[in-house]
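Q: Residues per chain, in single letters:
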Amino acid sequence: MRQTKQNPGQLNSMGYAPIPGSIAEFRGATKLFGEVVAADHIDLAIFKGEFLSFLGPSGCGKTTALRMLAGFETPSRGDVLIDGDRVNDMPPHRRPVNMVFQHYALFPHLNVFDNIAYGLRQRRPRPGASEIATKVERTLETVRLPGYGKRRIWEMSGGQQQRVALARALVNEPKLLLLDEPMAALDRKLRREMQIELQTLQRQLGITFVLVTHDQEEALSMSDRICLMRGGRIVQIGSPRSLYDEPASRYVADFVGKSNFFEGRLSGRSAGIGSVETRSGMLLSGRTVGDFAEGQTVAVSIRPEQCLLSQSEPGEAAAGATRIKVRIRNRIFLGEHTEYLVESGGMGEFLVHVSRQADAMSGAFEAGEEAWASWPREAAIVLENDATSEPPKKGNEHVEEK
Amino acid sequence: MRLYAMAVYLFLYIPIGIILLFSFSAGRSASQFEGFSLQWYGKALSNPFVMDALSTSFTVAVISAGIAGIFGTMAALALQSMRGRMRLFFDALIYIAVMVPGIVIGIATLIALVTVFGWLNPLLAAIWPEGQVPPQMSMGYGSLIAAHTLFSMALVIIIVRARIAGMDRSLTEASSDLYATPFGTFRQITLPMIFPGILAGVLLSFTFSFDDFIIAFFVAGSETTLPIYVFSSIRRGVTPEINAIGSMVLIVSLSLLIVAQLILQRGRTPRS
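Top to bottom, those sequences are chains C and V. Sequential numbering from 1 applies to the first sequence in the UniProt record's numbering. Sequential numbering from 1 applies to the second sequence in the UniProt record's numbering.
No lab work stands behind these hints: they were computed from the structure. Just so it is clear, CB atoms sit at the ideal spot from N, CA and C, and this is done for glycine as well. Watch out, some of these pointers could steer you wrong.
The following label-pair restraints were derived from C-beta to C-beta distances [as the list claims (entries may be wrong)]:
(1) C:Lys150 - V:Phe217: 35 to 45 Å
(2) V:Ala78 - C:Glu35: 23 to 33 Å
(3) V:Val104 - C:Ala184: 46 to 56 Å
(4) V:Ile251 - C:Lys150: 51 to 61 Å
(5) V:Ala78 - C:Arg77: 46 to 56 Å
(6) V:Arg85 - C:Arg265: 36 to 46 Å
(7) C:Val36 - V:Phe217: 50 to 60 Å
(8) C:Ala17 - V:Ala78: 37 to 47 Å
(9) V:Phe217 - C:Ala184: 29 to 39 Å
(10) V:Leu262 - C:Glu336: 26 to 36 Å
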């Protein structure tokens, strides 16, 4: 799944042969702001009808990538293709894409109807008034705001404004709908509702959606594919499930969902299973992702929900299962599950999530109690130990410049 | 402290109040109130010299405010897309232009124009067809309008700049994303959004030009604006007629200032 540096089809005799099924492509697209590399050699094909998310922390280049699709940024090197055409030099108003802006950017001096009709009215030849009215009304219904056309923008709530922004883009039937952190300004509950609505809408309309978000939950719940970025580069592309279950590196596992990491040296491997010796001499084993040399420092990742807690030592389970005696340090009730912070002499502190049923069956553990933590070998993943955090690069992210 | 503040306000406003009051006096004296009457307003408005001066002032104010509005807006828009030191430099120049004393603008404009005319007039005479009287460029409407525009433009730039700065940049991006050409974006988004600023700037420019005396005194040439007329007639003694003219200028200026302020405030649309 890892991104290769190859540029498929670039510079062939026909000029720019698009990848079959793709609606947009980045080909080695690099964007420099002065000395800062905002996007570093991005290669990516976006396929017709898919819901793709650019995910990453601020400054990772996700917004820059989106703005290169919209035409607000021109790649310093490499190409951007939309529907097979190289669009590097095409200004935003000529591109068949529309964007939902982070703070919606609705025109305050126009009412809801005129905001939505704005794009249609720029078309030449200009469509007739009745045609515009029909399309606007239909789109208002699509975003469940029928009859709101006469309202002023500031009379609308945040959630309604978001729908207007969505309608204003959708009414033009773009080839690509770009969404720049559209849910950032909504409260948690409304955000959840909008996520579901947006996903339903996307399936229903069949328009290609490209979302930018720093919220991994949002990306996981809505996307067909997630493109995880870091420092201007693509770290991993894949389905939400594959990013969660088959992270390409420690960075991915850390960014997508919660995870415990144990560093150590790879002491042996066979048939996709690696043995790792931690600094304290404990031996862990797990699936290996990627190619490692023996002796290399790696990280073993275990998701908190895949750990089990029990009062007595679990019996001999499947081969390679890990069992550790731990002491409960802290318990946090999180509603759907309980989070325990546990400590073991050899491994330090780590998190265990216990579902409510399991908690009810085994009885809740109290801080200071001793228990056994265990997990099957398949739950542990041996990963490249890339640093999880890095100091944010100044001025890297466009949003922060505003 | 309260008393002290009151005294300051009284000192500021009592003279103005007295002018207003005595403009309604029925008597000839400008220092003794002898019953209420509007006769001095009637006298002032039927005085051909006053009406002449008023029309000069009005024409100059309208034209200079109009030019300042157009060029000030253009300059403000151009400055907005400037970056770094150049922008700081020009910003500083504009603020300085507002702070330069009227007397300096007056003298500077006078010297500059006289010098230019000194160059141009012989040149015009030389190229003019034989047997016809060549035009003589001199101080007058043109120089008045030029000097007032110079100052007003800086005012407009400052007000419009503030408006543009308060505008969300993503609005113009959204417009171009929705297929509007750069000019379409200007006409449909930028202009309506900054229009209150332009209008307020134009109104302020008008009041500035309408009651300016110092600059006009230097560059008016043979023309007489209303403030110049008031100044010259005051040397023959203060009459209630002068009070009536002063009151009218005051009311016009004040109402325009209030309108400008209201426009600027209403223009701030509620934000989400």
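Q: With reference to the structure, classify each hint as holding or not holding.
A: We went through each hint and held it up to the structure:
1. Our hint of 35 to 45 Å for C:Lys150 and V:Phe217 is violated, since their Cβ atoms are close to 55 Å apart.
2. Under the hint 23 to 33 Å, the C-beta atoms of V:Ala78 and C:Glu35, about 28 Å apart, fit the expected range.
3. Range check, V:Val104 to C:Ala184: Cβ separation about 52 Å, and the 46 to 56 Å hint holds.
4. A hinted range of 51 to 61 Å for the beta carbons of V:Ile251 and C:Lys150 is inconsistent with their spacing of about 40 Å.
5. Here the CB-CB span from V:Ala78 to C:Arg77 is close to 31 Å, at odds with the stated 46 to 56 Å.
6. Taken as a hint, the range 36 to 46 Å is violated for the pair V:Arg85 and C:Arg265, whose Cβ atoms sit roughly 55 Å apart.
7. Under the hint 50 to 60 Å, the C-beta atoms of C:Val36 and V:Phe217, about 56 Å apart, fit the expected range.
8. Taken as a hint, the range 37 to 47 Å holds for the pair C:Ala17 and V:Ala78, whose Cβ atoms sit roughly 43 Å apart.
9. For V:Phe217 paired with C:Ala184, a C-beta distance near 59 Å fails the hint of 29 to 39 Å.
10. Between V:Leu262 and C:Glu336 the Cβ separation comes to about 55 Å, which falls outside the hinted range of 26 to 36 Å.
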